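Asks: The primary structure of each chain is shown beneath.
2 protein chains.
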Amino acid sequence: MDYLRGRILRTMAQNARLQGFGILVLCVLLYPAMTTAQQPALNLMPLPANAQLGSGSLHVDSVFSVAFTGYTELRLERARERFLRQLARQTGLPLSFKPAKSGKATLVVETEHASKEIQEVGEDESYILDVSTASARIRASTPLGAMHGLQTFLQLVDVSPDGFAAPAITIQDKPRFPWRGLMIDSARHFIPLDVVRRNLDGMEAVKMNVFHWHLSENQGFRAESKKFPKLHELGSDSLYYTQDEIRDLIAYAKDRGIRVVPEFDMPGHSTAWFVGHPELASGKGPYEIERRWGVFDPAMDPTNEKVYKFLDDLIGEMARLFPDHYFHIGGDEVNGKEWDANPKIQAFMKAHELKNNEALQAYFSGRVQKLVTKHGKTVVGWDEVLVEGVPKDIVIQSWRGQASLAKAATQGFRGILSNGYYLDLGWPAARHYAVDPMSGDAASLSAEEKQRILGGESCMWAEYVSPENVDSRIWPRNAAIAERLWSPQEVRDPASMYARLSFISARLEWLGLTHRTVSRHMLQRLAGPASPSQFAALRTLTDLLEPVKDYTREHTATAPPTSGTPLNRIVDAVPLESDAGRHFGELIDQFVASSCQDPAMQSRLHEQLAAWRDNDAILQPLAQRSFLVKEVAANSQDLSALGAAGLAALDAIGKGQPPPDSWKAQQLATIEQAKKPKAQLLLIPAPAVQKLIEAATAGGACSSTKP
Amino acid sequence: MDYLRGRILRTMAQNARLQGFGILVLCVLLYPAMTTAQQPALNLMPLPANAQLGSGSLHVDSVFSVAFTGYTELRLERARERFLRQLARQTGLPLSFKPAKSGKATLVVETEHASKEIQEVGEDESYILDVSTASARIRASTPLGAMHGLQTFLQLVDVSPDGFAAPAITIQDKPRFPWRGLMIDSARHFIPLDVVRRNLDGMEAVKMNVFHWHLSENQGFRAESKKFPKLHELGSDSLYYTQDEIRDLIAYAKDRGIRVVPEFDMPGHSTAWFVGHPELASGKGPYEIERRWGVFDPAMDPTNEKVYKFLDDLIGEMARLFPDHYFHIGGDEVNGKEWDANPKIQAFMKAHELKNNEALQAYFSGRVQKLVTKHGKTVVGWDEVLVEGVPKDIVIQSWRGQASLAKAATQGFRGILSNGYYLDLGWPAARHYAVDPMSGDAASLSAEEKQRILGGESCMWAEYVSPENVDSRIWPRNAAIAERLWSPQEVRDPASMYARLSFISARLEWLGLTHRTVSRHMLQRLAGPASPSQFAALRTLTDLLEPVKDYTREHTATAPPTSGTPLNRIVDAVPLESDAGRHFGELIDQFVASSCQDPAMQSRLHEQLAAWRDNDAILQPLAQRSFLVKEVAANSQDLSALGAAGLAALDAIGKGQPPPDSWKAQQLATIEQAKKPKAQLLLIPAPAVQKLIEAATAGGACSSTKP
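Chains C and V supply the protein sequences, listed in that same order.
Each residue of the first sequence is one higher than the one before, starting from 7 at the first, in the working numbering.
Each residue of the second sequence is one higher than the one before, starting from 7 at the first, in the working numbering.
These aren't lab readings, by the way, just hints derived from the structure by calculation.
Predicted model, so just to flag it, every value in this text is computed and none were measured.
No residue lacks a Cβ here, since even glycine has one placed at the ideal position from N, Cα and C.
Warning: the hint list may mix true and false statements.
Output of the computed footprint for chain V on chain C, the stretches with three or more beta carbons under 8 Å from beta carbons of chain V [stated by the list, open to error]:
#1 90-99
#2 156-168
#3 515-528
#4 533-547
#5 625-634
Just chain C, same shape as in the assembly (with noise of 0.2 Å):
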């Protein structure tokens, strides 16, 4: 690893106080904010708060060996053999399982005392990796910060001029913020247990530790009730968890150092509920399972005091399945018109002065907090349940954004931001990236308020993903969001963090996540028998494009989409992010900055735009073959079109003389026309080629006649 050898890596801006160990570590800031060029070439991610580079290796190789010390417990034991593992996927060392004597051990790994035996929010989860030469050490209080120090450990091995081998270092690493989730909608999707089980892999291989498990919706009940079986009997399609497997999936995650909360959203989001139990809502019924999406109608009838006693049940129930402190109770998006249309609790509402729906939500809410609170749970609710009157020690997960959640802060809840960490809205890594839970109207809290900011969530709404293509919908963009959550703020360079994901994303399907491989696996399908110069065509075009983002899916499909839609399309086997798109972008932003001077882009750019002119002709023969394929013929026509005005713009640069307007006229048509989404899906280069051309055009960078 000598192009590492003599660097410096200081991330942090904070003095760093390992708890647990009582070590105060001074660290002099030298880079309170990184750039590009300090950069070092350190894969990890998230970044930990200090990290300082030694010289030379450490060797990993077949006998390479693992011993814990200190305080023990059968999930360490556990995490040893399921690190080991880990280490033998990704070098392909016949490494031996079998335990270590620590003096003996390449690595040792020691702990002082054990953690809560439910996992509490703001635990210490610090440790301390040093890497020298001869061996390696991890120190931390409890087996959570030891487990992240193994994590740490694994991203450092990688292949170099003499075998496998981790570089020599020191490592002091603690959370930004104590609450770092993933929400799953389980609920409009099912997704089978050994999908969730690799996303819990791969948030722990990016320190995040709650799973928040969205288990009931409109379209479906996915938890097994015994107190009410008609729930899940009715309302899932006979695609729900049992209770059983639930409780294997929280020891799955507890010993990943994860917390499970589970989500039963209500009033609203739960027509699947009325199936069995029509008797809950304030419609009449009878309720069908939702097929379509979005907000609907049925809700539970706030007035009834049966709703109250079965709520006291179920609550309890679940309350005893999950053992994590917090219960979440969802809350969101009631349109209201099922008590509007119920004249008893017109009636309830007048009697108890409650003057609107928003009021008899609250009314609910309140009922409803009681009753978790009662099962011995704190709630978790989406930002509605924040209303006047709720007592102090709920949680606000902000879906509306952060000045809902400094809003909260100030009024001295505690809050944890989803908003912006939306996974199902398409946006790029770096858009996520640069969303912080203490910017905005957060930035000007006071020291005590920030404190109630714990963390936040990455979503993934699952109106339009499969069990089949989940893992590309969350990976890799998640780890920029665990970076963001576990990371000193001041790490925040969109290149660096580019750098690095690219990495952690191989390192990920070593876990057994499918992200990358899913996409060519479903354009393989959609392709049929393609000629590999077909499927190549395929994969050039298929690069380029991107799913259109927010919430335009909804509003642009031909047909009402329902859960019974095929997610068999090319927006469905498509990553979020084109990486070729970007690098495109990169490229010509450069070629600009160079007054378009730089010969050796200039003909990377002219290879790329003539294979894009030429690669419309090669695809076309399959999309006749493939009615799949033959959904993104016109993109296909756009890219060929942006080629050929891209070339056409070298062209005009390469004679020294400005093109007449009409030209520029006619190419902006094309880029115009390219910018237009279609079979639901964008052209990512229209933008770069359109700076190309206003390059070429008199007063560009690039013209004769510039500026």
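Given the coordinates of chain C, assemble chain V onto it according to the supplied hints.
Replies: Showing chain V alone in chain C's frame:
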């Protein structure tokens, strides 16, 4: 499926008599041996005995359903669900798994009666599959045929211009041989059950019906014995299958119409037995698990009555665990050294007039065969067990060849061919495909003798396979062997085989097999954080490399390989057969056949050769960073030299004037260098470039002085 319409496929060269239905189908022989030109675009593997395409196709969409009529059993219900899962996977359609009423189902499967409780050799596996534009029907006399029909249907479904569809067709199919096996050696390297299971899924897809499980070796005893627990406890490094796991695996196989034949190899190949039971051996002991590869001295003591008592108990235990009627006792490769060195054994041989070690082994085999028979099973053994006096009901598995097999048949023994089907030797699929159990000496057997040749088994010996890459050592080549054993003898066009193999190979990955993806994963691992262009250069090189063939790897290792040797090198990562290398060879052949006049081919060749020439410069920096890439630095230089030599030949051809002899000698020296294996890898295009050079030189096909 317009492109299929109207074509007629007849692959059968014999009258097709579908048993069970008693239907005699007379089939006119139009094409006794198919040529490439007649090859239909029907991606079936193995090709059916008889198929006749209709017109139009059956639409396969989300409402597709299956119903079973006639005889049913739970196994068929599971087959239905598996079929639907697989169909959903390969189309991305959200299919309902609920049973359909037969009147309404898209596909109706009609089964006449049960198959045998314990699957027998030669049971009826035939089926008729009718697909019309409105519906499909499978008729079979037993569940075995019904399940084969389902697999054929799955292969028929593909993307079409207006949705997923299966072509209208009538298929009447039955296997050519009743014994179509795959042997996996889980003893030298332990193969976990999930890996075995997905290989059984692959076997089902290509209609193989015997899983031969090689369970004991010098390097490991992999089956739990409750009677003699020291066998697996001391002889397996804790890597063994419990009896419960074995029972589960057998049930899993039975569900797929696959018999499980266990092999316990004796009296040689048995060092691992002696770790816990040195009293069985002919030497003094103590013994340790063998870590090296090869043939070793330890062998059971055929003169010790306690050995037979032990084997009686063990075979009894295993005969109860494995329900199949056949039991494999190995019997191969005893070097006799321990026997020679043991005076007691020598005395015994003298006393019993056993002239040599072969006679002693025959004595042992005879005794063991009696034990196997006593426990109700028929013996299978390698060639060596066939000695004078053995009962006629044993089955010979021939690793020695067709002559040995034919000889056995003339003596009245049944046999299965494995010579020619050793997957570990790294042969191209076409070479295995050309091996026919009925060719060579077998071709001249009488009809009755031919009946004794039951089929064949491919063998995956595991010196150089790990759980990680074993799929890529078995597949896709094993599908070509499966076709050899199922389809009519006349189906033997390698071009057709390769076209279909490429298709089936992609399909097999939908079953969970990893033969295609693992290569890229392993290359990514050994490339570390390579840039995209470096990784592409590594792919360009490795796509043209194949591991050395036959037993060369053993003989060219720098250090003696052992079971602890990491299998993470490029030789372990690349597929055993290079598609790119084969395609390049085909292109050169076509180009030379055109007297090097085809400009399109010339331009393709030029592009490819230029890319090879320039590849090494891109790859070298990566070789400096990774010891595993560095290993192929010389191969990379060879490829660049090949590229340059090929370009020089194109140049000479273009000039229209034969180059001097000195030029030829220089180019051929380059080729000779490139042909030499390096890092245990062969550079596949070397002979093709040589052809181009020879074509360019005086008297060559593309020279102005051509003959």
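Asks: For the segment 533-547 of chain C, do at least 3 residues have a Cβ located nearer than 8 Å to some Cβ of chain V?
Replies: Our answer is that it holds, as 3 residues pass the Cβ test (under 8 Å) against chain V, meeting three.
Asks: Mind checking, does the segment 515-528 of chain C have 3 or more residues with a CB under 8 Å from chain V?
Replies: holds (count 5)
Asks: State whether the coverage of the segment 625-634 of chain C by chain V holds or is violated, taking the criterion as 3 or more residues with Cβ-Cβ distances under 8 Å.
Replies: Three-residue rule met by the segment 625-634 of chain C, so holds; n is 5.
Asks: For the segment 156-168 of chain C, do at least 3 residues have a Cβ located nearer than 8 Å to some Cβ of chain V?
Replies: holds (count 5)
Asks: Quick one: see if chain V covers the segment 90-99 of chain C, three-plus residues with Cβ-Cβ under 8 Å.
Replies: holds (count 5)
Comparing the model with each earlier hint shows no violations; every hint is respected.
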